[in-house]
Every structure is written in structure tokens, then in C-alpha cells.
Amino acid sequence: VVVLVEITARFDEQANIRWARALEKAGCHVVYGLVGLKTHCKTSLVVRQEKGQLRRYAHIGTGNYNPKTARIYEDFGLLTADAEVGADLTDLFNTLTGYSRQTRYRTLMVAPHGVRAGLVERIEQQGELARAGRPSRIRLKANSIVDESVIDTLYRASRDGVPIELVVRGICALRPGVPGLSDTISVRSIVGRFLEHSRLMVFGDTAEGGQAEHWLGSADLMHRNLDRRVETLVRVKDPGVQGQIDAILDRAMAPSTRHWSLQQDGCWQSRPEQGEPSRDMQTDLMRRTNERGASD
Numbered sequence: 003v004v005v006l007v008e009i010t011a012r013f014d015e016q017a018n019i020r021w022a023r024a025l026e027k028a029g030c031h032v033v034y035g036l037v038g039l040k041t042h043c044k045t046s047l048v049v050r051q052e053k054g055q056l057r058r059y060a061h062i063g064t065g066n067y068n069p070k071t072a073r074i075y076e077d078f079g080l081l082t083a084d085a086e087v088g089a090d091l092t093d094l095f096n097t098l099t100g101y102s103r104q105t106r107y108r109t110l111m112v113a114p115h116g117v118r119a120g121l122v123e124r125i126e127q128q129g130e131l132a133r134a135g136r137p138s139r140i141r142l143k144a145n146s147i148v149d150e151s152v153i154d155t156l157y158r159a160s161r162d163g164v165p166i167e168l169v170v171r172g173i174c175a176l177r178p179g180v181p182g183l184s185d186t187i188s189v190r191s192i193v194g195r196f197l198e199h200s201r202l203m204v205f206g207d208t209a210e211g212g213q214a215e216h217w218l219g220s221a222d223l224m225h226r227n228l229d230r231r232v233e234t235l236v237r238v239k240d241p242g243v244q245g246q247i248d249a250i251l252d253r254a255m256a257p258s259t260r261h262w263s264l265q266q267d268g269c270w271q272s273r274p275e276q277g278e279p280s281r282d283m284q285t286d287l288m289r290r291t292n293e294r295g296a297s298d
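If you're matching positions, the sequence shown starts at 3 in the numbering used here and goes up one per residue.
Just so you know, these hints were derived from the structure itself, not from any lab.
The beta carbon of each residue, even a glycine, is placed where N, CA and C say it ideally should be.
Mixed in with the good hints, there may be bad ones.
In silico DMTMM-like links for lysine to aspartate or glutamate, alpha-carbon gap of 20 Å or less [to be verified]:
{"id": "1", "residue 1": "K70", "residue 2": "D84"}
{"id": "2", "residue 1": "K44", "residue 2": "E15"}
{"id": "3", "residue 1": "K70", "residue 2": "E123"}
{"id": "4", "residue 1": "K53", "residue 2": "D84"}
{"id": "5", "residue 1": "K27", "residue 2": "E8"}
{"id": "6", "residue 1": "K40", "residue 2": "D84"}
{"id": "7", "residue 1": "K44", "residue 2": "D229"}
{"id": "8", "residue 1": "K239", "residue 2": "E86"}
{"id": "9", "residue 1": "K40", "residue 2": "E86"}
{"id": "10", "residue 1": "K27", "residue 2": "E52"}
{"id": "11", "residue 1": "K239", "residue 2": "D282"}
{"id": "12", "residue 1": "K239", "residue 2": "E278"}
{"id": "13", "residue 1": "K239", "residue 2": "E215"}
{"id": "14", "residue 1": "K70", "residue 2": "E8"}
{"id": "15", "residue 1": "K239", "residue 2": "D267"}
{"id": "16", "residue 1": "K44", "residue 2": "D93"}
{"id": "17", "residue 1": "K239", "residue 2": "E15"}
{"id": "18", "residue 1": "K27", "residue 2": "E86"}
{"id": "19", "residue 1": "K27", "residue 2": "D77"}
{"id": "20", "residue 1": "K44", "residue 2": "D14"}
{"id": "21", "residue 1": "K27", "residue 2": "D93"}
{"id": "22", "residue 1": "K239", "residue 2": "D77"}
{"id": "23", "residue 1": "K40", "residue 2": "E167"}
{"id": "24", "residue 1": "K239", "residue 2": "D229"}
{"id": "25", "residue 1": "K239", "residue 2": "E123"}
{"id": "26", "residue 1": "K70", "residue 2": "E15"}
FRET-style restraints, in silico, Cβ to Cβ [unchecked claim]:
{"id": "27", "residue 1": "Q55", "residue 2": "G194", "range": "31 to 37 Å"}
{"id": "28", "residue 1": "A11", "residue 2": "P257", "range": "34 to 40 Å"}
{"id": "29", "residue 1": "E52", "residue 2": "R281", "range": "41 to 47 Å"}
{"id": "30", "residue 1": "E52", "residue 2": "G182", "range": "54 to 60 Å"}
{"id": "31", "residue 1": "R50", "residue 2": "S280", "range": "45 to 51 Å"}
{"id": "32", "residue 1": "E52", "residue 2": "V5", "range": "22 to 28 Å"}
{"id": "33", "residue 1": "P257", "residue 2": "G212", "range": "22 to 28 Å"}
{"id": "34", "residue 1": "N68", "residue 2": "E215", "range": "25 to 31 Å"}
{"id": "35", "residue 1": "R195", "residue 2": "V5", "range": "27 to 33 Å"}
{"id": "36", "residue 1": "A175", "residue 2": "S280", "range": "24 to 30 Å"}
{"id": "37", "residue 1": "R50", "residue 2": "D267", "range": "27 to 33 Å"}
{"id": "38", "residue 1": "G135", "residue 2": "S102", "range": "39 to 45 Å"}
Required output: the full structure, derived from the provided sequences and hints.
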């Protein structure tokens, strides 16, 4: 058993030190990450020998493995036996434990080497589609957006005519709806019973035969996350899970969902206005999850 414990996790330093010592006493190989980088990704990998061959089970999430925050944060995770994801996580753990220096992956974007470049590339692809008159769309859900490279690329995509919908809980340095700069960009923040914490990204529009890439993971679009942390985003390939992500973002973007809308001047306005029909996204999500569990 190999465990990476991030000692500098905010507010959990002492608890993580205690867990690291307990795991070492139990016989686990405990490592503390790469020098100069904070490990912020949330990943697990189980390798089993089944029917004479190795089989990998992987989990990549948006939230911490923390029982306290799990009760008050909104997060998502992907549990998969996909061979490529398992191979990528094997390479990532080998890098984090010092056995290799991997920077390129099959189905992952990994910071500090690959997340910014990967996101910029996909945003630019949507701009190319829009200029060619083909279906295009960008949907991002994150805690913060302040990275200049990503913001500038989103502005260029907007000028190309790409519809861009952003859900940003916290800091957003992008200004939506500015004529000639960000006409096609909308930004909203959802505040509810739970802290919105998930990061979801969809590039593309499946309308009229278009294709879309779905991603989830730990990375926010900030300098610290993209340059000074180990972060992971995983591409979601299962059509059923893709549909769940689309449904979540559809509800987040619905006009009746209670939210705060970012204006051109940087001010936030509550929507829908008082007296208009409104729905709570988190309540809807819990209801959908309970119904799906009951049907299973």
C-alpha cells in the first residue's frame, strides 16, 4: 500500500501528520509529494490480479478524502475500471513516488505540465469550429477563474462566436457580456446549502452531429493550481456519465435556477428576480441522486 499525504493541506496539517504516522506504523509506504509542489489532486488506484491478469480500479474526484468536508461540500468523483485511466494513474503514482518523470498521459491532464496547455488547446478548437460554421460550445464549472492565458483564450473564442457558459463560485477575473470582447460569455455563481466545489468542463456541442469532450477533476483556473500544484483532470468517456454531467450543467444554467449573475461592471445580481419561479439546484441534484439510487 502506497499513500501520498499532503502535509500542507490547509487546516488539516496536524491531522494529516497523525494519519501519516499511523499509516507508517501499519506498514504503508507513505510519501509526501514532489518538492516545491503541493499535491492537490484526489486520486485512488487499486490493482488486483483477476483471472491471471492485472486489473486496475481508479477513482478521480473533485473533493478531498475528508469526512468533514464530504458532508458540507458539493463534489463529484469518477470510479472506473477503464484501462487507459488505470494506466495513467499508475504512471502518475510512479511520478509522485519518484519512480519516473512522466508528463504526458492518455486520458488525464496533469498540472503543472499539462492542464493549462490542454485547456487552451480545447478552447481554441471550439473557436476553429465556430469560424467554420460548425457546432461549438464551452461549459466550465470551477471555484475560481483568474488565469490570464485561459481568460484571454476564452475572450478569443467568444469573438469567434462560441457560446460560453461559466459557473464560478468564487473569484472571476473574466468580464462577461462586453461588446466586441465577451458577447457570448455568461457567468453565474450558485450559492446553496452546500459549498459548490466540483470542477466540470465540457468542450463541444452534440447538436447537429457535433462532438463533445467531458472532463472533471481538481484543478481551478488559477496560477497556484496550474503552476504550483499537482492537479488532475480526467476525460469522461462513458456515455451514461457524460449524460449525467450534461444534466447537471443544464440545471446549473437553467434560467429558473437560483444563482448570482456576473455583470459587465463586475457586480453580481441575484436571479431570478423576486416573484419569478425559481428552483434550488442542490435540492434537485439530491432528488435525482435519490431517485437513481432507488431505481438501482
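Against the structure, the hints:
no.	hint	in the structure
1	K70 <-> D84	violated, 30 Å
2	K44 <-> E15	holds, 17 Å
3	K70 <-> E123	violated, 36 Å
4	K53 <-> D84	holds, 17 Å
5	K27 <-> E8	holds, 18 Å
6	K40 <-> D84	violated, 27 Å
7	K44 <-> D229	holds, 17 Å
8	K239 <-> E86	holds, 11 Å
9	K40 <-> E86	violated, 25 Å
10	K27 <-> E52	violated, 29 Å
11	K239 <-> D282	violated, 29 Å
12	K239 <-> E278	violated, 38 Å
13	K239 <-> E215	holds, 8 Å
14	K70 <-> E8	holds, 17 Å
15	K239 <-> D267	violated, 38 Å
16	K44 <-> D93	holds, 15 Å
17	K239 <-> E15	violated, 36 Å
18	K27 <-> E86	violated, 33 Å
19	K27 <-> D77	violated, 31 Å
20	K44 <-> D14	holds, 15 Å
21	K27 <-> D93	violated, 26 Å
22	K239 <-> D77	holds, 19 Å
23	K40 <-> E167	violated, 30 Å
24	K239 <-> D229	violated, 27 Å
25	K239 <-> E123	holds, 19 Å
26	K70 <-> E15	holds, 15 Å
27	Q55 <-> G194: 31 to 37 Å	violated, 45 Å
28	A11 <-> P257: 34 to 40 Å	holds, 38 Å
29	E52 <-> R281: 41 to 47 Å	holds, 44 Å
30	E52 <-> G182: 54 to 60 Å	holds, 58 Å
31	R50 <-> S280: 45 to 51 Å	holds, 47 Å
32	E52 <-> V5: 22 to 28 Å	holds, 23 Å
33	P257 <-> G212: 22 to 28 Å	holds, 23 Å
34	N68 <-> E215: 25 to 31 Å	holds, 29 Å
35	R195 <-> V5: 27 to 33 Å	holds, 32 Å
36	A175 <-> S280: 24 to 30 Å	holds, 28 Å
37	R50 <-> D267: 27 to 33 Å	violated, 56 Å
38	G135 <-> S102: 39 to 45 Å	holds, 44 Å
Violated hints, listed in ascending order, are 1, 3, 6, 9, 10, 11, 12, 15, 17, 18, 19, 21, 23, 24, 27, 37; each of the other numbered hints is respected by the structure.
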